[in-house]
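Those protein sequence lines, which keep their order, are chains F and B. For the first sequence, our numbering gives the first residue as 1, with consecutive numbering after it. For the second sequence, our numbering gives the first residue as 1, with consecutive numbering after it.
Read the hints as simulated data drawn from the structure, not as lab findings. Among the hints, erroneous ones may be present.
Identical copies go unnamed one by one, so any copy, or any two together, can satisfy a pair.
Unchecked claim - Taking lysine-lysine pairs in the DSBU-like style, the calculated list, with each CA pair at most 35 Å apart, reads:
#: 1; residue 1: Lys34; residue 2: Lys55
#: 2; residue 1: Lys151; residue 2: Lys246
#: 3; residue 1: Lys129; residue 2: Lys246
#: 4; residue 1: Lys8; residue 2: Lys130
Small disclaimer: the values here were computed from a predicted structure and weren't measured.
Protein chains: 2
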Amino acid sequence: MINRLCEKIKELKAPVVVGLDPMLSYVPEQVQKKSFAEYGETLEGAADAIWQFNKEIVDSICDLIPAVKPQSAMYEQFGVPGVAAYKKTVDYCHEKGLIVIGDVKRGDIGSTSAAYAAGHLGKVQVGGKKLSVFDEDFATVNPYLGTDGIKPFADVCREEHKGLFILVKTSNPSSGEFQDRLIDGRPLYEWVGEKVAQWGADCMGDSYSYIGAVVGATYPEMGKVLRKLMPKSFILVPGYGAQGGKAEDLVHYFNEDGLGAIVNSSRGIIAAYKKEAYEKFGPEHFGEAARQATLDMIVDIGGALERAK
Amino acid sequence: MINRLCEKIKELKAPVVVGLDPMLSYVPEQVQKKSFAEYGETLEGAADAIWQFNKEIVDSICDLIPAVKPQSAMYEQFGVPGVAAYKKTVDYCHEKGLIVIGDVKRGDIGSTSAAYAAGHLGKVQVGGKKLSVFDEDFATVNPYLGTDGIKPFADVCREEHKGLFILVKTSNPSSGEFQDRLIDGRPLYEWVGEKVAQWGADCMGDSYSYIGAVVGATYPEMGKVLRKLMPKSFILVPGYGAQGGKAEDLVHYFNEDGLGAIVNSSRGIIAAYKKEAYEKFGPEHFGEAARQATLDMIVDIGGALERAK
């Protein structure tokens, strides 16, 4: 899957992933109204609204980008119907040829991580059958529990040719509270990054490992260091746009082959119609606004990479 | 909710929580067969099997213990039907008067943690309505992202009188890889523990904070230190039994009031019928085996606490 990600990024000239994080407040009123008319102001209604919203977003951008990243929290908050909308979204994105990064940030002790890994990336044994479940292509994973928590995911990735992005340095303001603390003179995120490189060494695709890292766009100096520390690990970069990360800051997250990183934008794309720059589209054309914002993001990042050459 | 947990522990003399982690391999064949006969060897079939299994376990032990801890991974691995079984389990446990600790180990950047917090502990806004979703009483949370990731959960807990258990020192063998690394001479888990105490100071119940910690039974020396570092935080202690933690090691997780800790056992209880000590019950009486194992665990821990007085 990491090979396919590399190919698609090269083909589309777009190291870009769109975060499908459909807060209900991003969903235009006409979409919400229609879903509520059918299902009431219920979890089913909310789940239908985010699914209809996603569908139009995906239809509008699927030819531009290699991958999407649905954030499980935004679905799980609507309970069982929300989780069903998550699964429907994953399947629909696959139909449209997109790679799906499940932003689930799971991570637990060994046997429990094995269950998450089976459910999200692998197959579960039910009686005599092996069944695919959520079937994302990549999942994000939390490293706090160490190797035991990661290994079951890595095992499934090897078997299924899927991949991981392990949290190394997150994009949020307080990420430094623990992640930046110095251990033998080096911040914790570097130690985690080094482990990601080690874990990834056993999981190599053609040029990159199946096991990548999450490094926030909001900490470019750290991104630069981590890029060198994990040369074969793809970096998933959240925090561009709405959270403050800028294209020129992100060039150091990439390797000289122009690969090695994929930059995420969520609300900057899916709620573009609410931004001044795209408000001309209006809420009824939120898909077109998302398309334009995606095109602009691709140009923004492509330009920065070009200038850095 | 922390007050209710304290009361129930005192009333039942049982600082014990049973982990409802129904791996399909724990579910006796007769239960699986019945579910598969009705739903086929499908995710629905697996979900029904674990639900039927849970129901009998809960019926067998609900009068003995204050709380249960369903592990979300074991449900999520069976997809949407599995998540529906999780929700059914939470609701059924509530009907039976049990406190429910959702072992979800979520944690993300602020806005995303807010969605998890709303979905698991709070309410979501859908149109003009505020709806409860999974509605557990406590949730486990991962601290790697720092205060931003915790605050939205704490806010919901204050509003809803619910609670958290934040991972401090986990029970798995490799938990030390990052958690034990020294920062200014003290291990990371102590820094996290100190933060838990700080976060918890704003969320006080009568004697304990709503915001507790997870400290594995497998590291009793560390449990002793953490007990002192977080005197007002309840400690959820996984790792007793199957993972190797012993009752006499756990006395230091408690305060002098006999409270402050709640010890979890999962497979040691729910799959007791598979253990030599309880195999006389046979797979058809797995509920009774679980009941006996629960009674034995309560005696074991109660005895150790008594001897330590």
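These are the hints, each one checked on the structure:
In this assembly of identical chains, the alpha carbons of lysine 34 and lysine 55 lie at most 35 Å apart only when taken from the same copy (14 Å versus 38 Å across copies). With identical chains, the CA atoms of lysine 151 and lysine 246 are at most 35 Å apart both within one copy (34 Å) and between copies (27 Å). Proximity of lysine 129 and lysine 246 under a CA criterion of 35 Å is satisfied in neither setting, with 48 Å inside one chain copy and 38 Å between copies. Within a single copy, lysine 8 and lysine 130 get their C-alpha atoms as close as 29 Å, which meets the 35 Å cut-off; across copies the closest is 42 Å, which misses it.
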